[in-house]
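J.: This is what each chain is made of:
Number of protein chains: 2
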Amino acid sequence: MPKRPSHSMGMAESAVQMAHAEGASNGASGINWLDRWLLGRIVERAGRPPVAMTLWDGDDVYCPAEAIKGRIRFCDRGALWSSILNPEVGFGDCYSAGRIVIEGDFVTVLREVFRSIDRASTQRFKRDLLGRIPKAARNTRAGSQKHIEYHYDLGNDFYRLWLDERMVYTCAYFETAAVTLEQAQLAKMDLVCRKVALEPGMRVIEAGCGWGSLALHMAEHYGVEVRAFNLSAEQVEFARERAKSAGLEGRVEFIQDDYRNITGVCDAFVSVGMLEHVGPDNYETLADVIHRSLARDGQGLIHSVGRSLPTPPSAWLEKRIFPGSYPPSLREMMSIFEPHQLSIIDVENLRLHYAKTLMEWLQRFENNVDKIRQMYDDNFVRAWRLYLGGCAAGFASSSTQLYQVVFARPEHNTIPMTRGHLHTTTQPTRWKLD
Amino acid sequence: MPKRPSHSMGMAESAVQMAHAEGASNGASGINWLDRWLLGRIVERAGRPPVAMTLWDGDDVYCPAEAIKGRIRFCDRGALWSSILNPEVGFGDCYSAGRIVIEGDFVTVLREVFRSIDRASTQRFKRDLLGRIPKAARNTRAGSQKHIEYHYDLGNDFYRLWLDERMVYTCAYFETAAVTLEQAQLAKMDLVCRKVALEPGMRVIEAGCGWGSLALHMAEHYGVEVRAFNLSAEQVEFARERAKSAGLEGRVEFIQDDYRNITGVCDAFVSVGMLEHVGPDNYETLADVIHRSLARDGQGLIHSVGRSLPTPPSAWLEKRIFPGSYPPSLREMMSIFEPHQLSIIDVENLRLHYAKTLMEWLQRFENNVDKIRQMYDDNFVRAWRLYLGGCAAGFASSSTQLYQVVFARPEHNTIPMTRGHLHTTTQPTRWKLD
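These protein sequence lines are chains A and B, in that order.
Note that the first sequence covers residues 1 to 434 in the numbering used here.
Note that the second sequence covers residues 1 to 434 in the numbering used here.
A few of these clues could be false.
Unchecked claim - So, partial list: chain A residues that the calculated Cβ filter (under 10 Å) puts toward chain B:
no., residue
1, VAL406
2, ARG419
3, LEU433
Derived by calculation from the structure, the hints in this document are not laboratory data.
Quick caveat, the model's predicted, so the values are computed rather than measured.
Here a beta-carbon is modelled for each residue, glycine too, at the ideal position from N, C-alpha and C.
Same shape as in the complex, but just chain A:
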């Protein structure tokens, strides 16, 4: 399994590296008024979260009166400057390098910081961002191929260490707090199938199928025929093997291709966790793909990470983990449905379910951290911890949403009239996120 190449170092990073060396040589005693002032700027920008902040001497420079949830320690001057000059990438890279340390419950600390940042910036968001569509990464066909390989071809052995047994790499659906991740992923797949009202003999197109779990589940348990598309060679190969073992080859076809090349007609168009990689520039193209694929009384579902407000994606996440990714707002998603007057019939926000899913993944990741460190290195482990924990915190703090949008052709008048059948119980299921 190839190790990730080291990040190439730009000018700003070199400067920070020098500050790092200087900070290190200065030792604890080298802290001066500027260091304290810079940390004060970071505290203010973060909206004064209930989290202590220290410099490399270990003394709290900032410690709010309210019960603190943890502590963030900047281990050298370079880490401080990095976080000021390039807050997202700098902080993320320095954490990954072990030059910023987070003490206390990892997800809780991040969640409190995200909440605090969101509160502090609401007014600024309103003033500056409303109506402006932030620049999103461009996903040309070649770009998409490269971006998908970067993340999803990291190796099935790696993902197997912390995903559920079916290798479902999207938000699960926890009907109660007690169910396992395995059960919750199964429940999510059933929820999706019920939402698009699958019936035996229907034709399904799945755009972005991961390791093939949903496609196989639909074919096996709902008697439908599925054509499933995915750009990742490793995932498609794995999915084809599974279809073969399950004797479902005749009913599920896995196609290694771009969603833009989707062909065929379907009664249900399903896409779970792909839209994040499409980018708003391509929503009208996706609209045309759905329009030419969907039967006249067809319906579909798009499941995607999203935002309450059009917001630039985390620069660090975009750079180090998910190149080309962009979680849209509902407003932005409408560009997929409006061109051909698709009728939105249901939107459900599962953000707390994704927070719980990510916390489960992080737990399994930590349980296997030694193996993962051997496969990659410490930097990789910390980067992925920050990704999984940071995303969990993002969903828990509501800075990120998870939308399941069900849509139908306008001619479709025989959709179920109520939604009770989507559920297994009419009892309130009020579990609380830990």
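Knowing the structure of chain A, use the given hints to seat chain B on it.
T.: Relative to the frame of chain A, chain B by itself:
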């Protein structure tokens, strides 16, 4: 009860009136090639619907091969020109005046025409309208007062003739095809209450409360305190009387005021059927009202007629029935939620429920048509028939939608995790619209 003043007649209308007189004097024999050509234009613009079209001699000028669903008859030349020159207002006014006659099942004929128009114009919509926000009526404070009086102060005696016993003038919720309108309105109110998770002692603000049914229902059955706002003097007076009779005066306060003047803090903000009268220009104002009213862990629901695509409202409806009204697309509605980063947690489209509700209202309206004719006149009866039947057809054909949008403060992390409890059964409820 005052009769509606006759419509003031503009230049175009005078010209059409002259053509009318001329057509009438020409009689059946006066049909010429131009009349037939004009009707042909109307047929093309309507996308060649499965509905025959005739002129005043009663012969079908257009009768498609497929099984026709009914017939539209233009009774004079003026009605023909009106429908060409000003398709929405002209057609609506001539129907109201009895100069255009619709044969066959009224709602079915209109539904087929709407479907056909929508299909024919999808490509044009895409080219011309996408991204452009159509001009909406301006609802200043004075304008809103006038617009609301025009419709809602027509007289409680009139509305009592065709609404349910509780006088609920919004989309009902039919859990099965067999329930009555009364049961369906009750079910809708309970659905709304469950969606905002009412609990005893909560404070509710209702923006636009009609005759007060929902406010009273919430106070009586969910133990909450309600402040309900409405501009209509007749409705507020009626609602206050009901609160008094029910002994709920201490827990429900009806306030005759504009939503812009809402004061107080609430745990749930509810607005059912008001947004249509707000207009997109004022969505940011509404956002600020919600923001200043809603407690930190509060949630809310907006229930509104809407569109799949930003579309100008029917000019006839806007002019004759609902001045100042504008049904928004989901994209447009986002301007209410984005400014303060409210999280959308649930959207349900009840368009088929509104089609059924309107068909129930139309049936009751027809059952009482003699009384209504006595209260007003023939023109009024036909105008309201066109309004109720046209709206039923709009929802049935999917040219109009009904969105219930549930939103929450971003800090709100204890919302129920699944939606099963919103429903009374987990069985599929597939009733079909007649």
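J.: Each hint: holds or not?
T.: Against the structure, the hints:
Using the Cβ-Cβ criterion of 10 Å, the hint placing VAL406(A) at the interface with chain B is satisfied: the shortest such distance is roughly 9 Å. With a cut of 10 Å, the hint placing ARG419(A) at the interface with chain B holds, because the nearest CB-to-CB distance is about 6 Å. The beta carbon of LEU433(A) comes within 6 Å of a beta carbon in chain B, closer than 10 Å, and the hint placing it at the interface holds.
Consistency note: the structure conflicts with none of the earlier hints.
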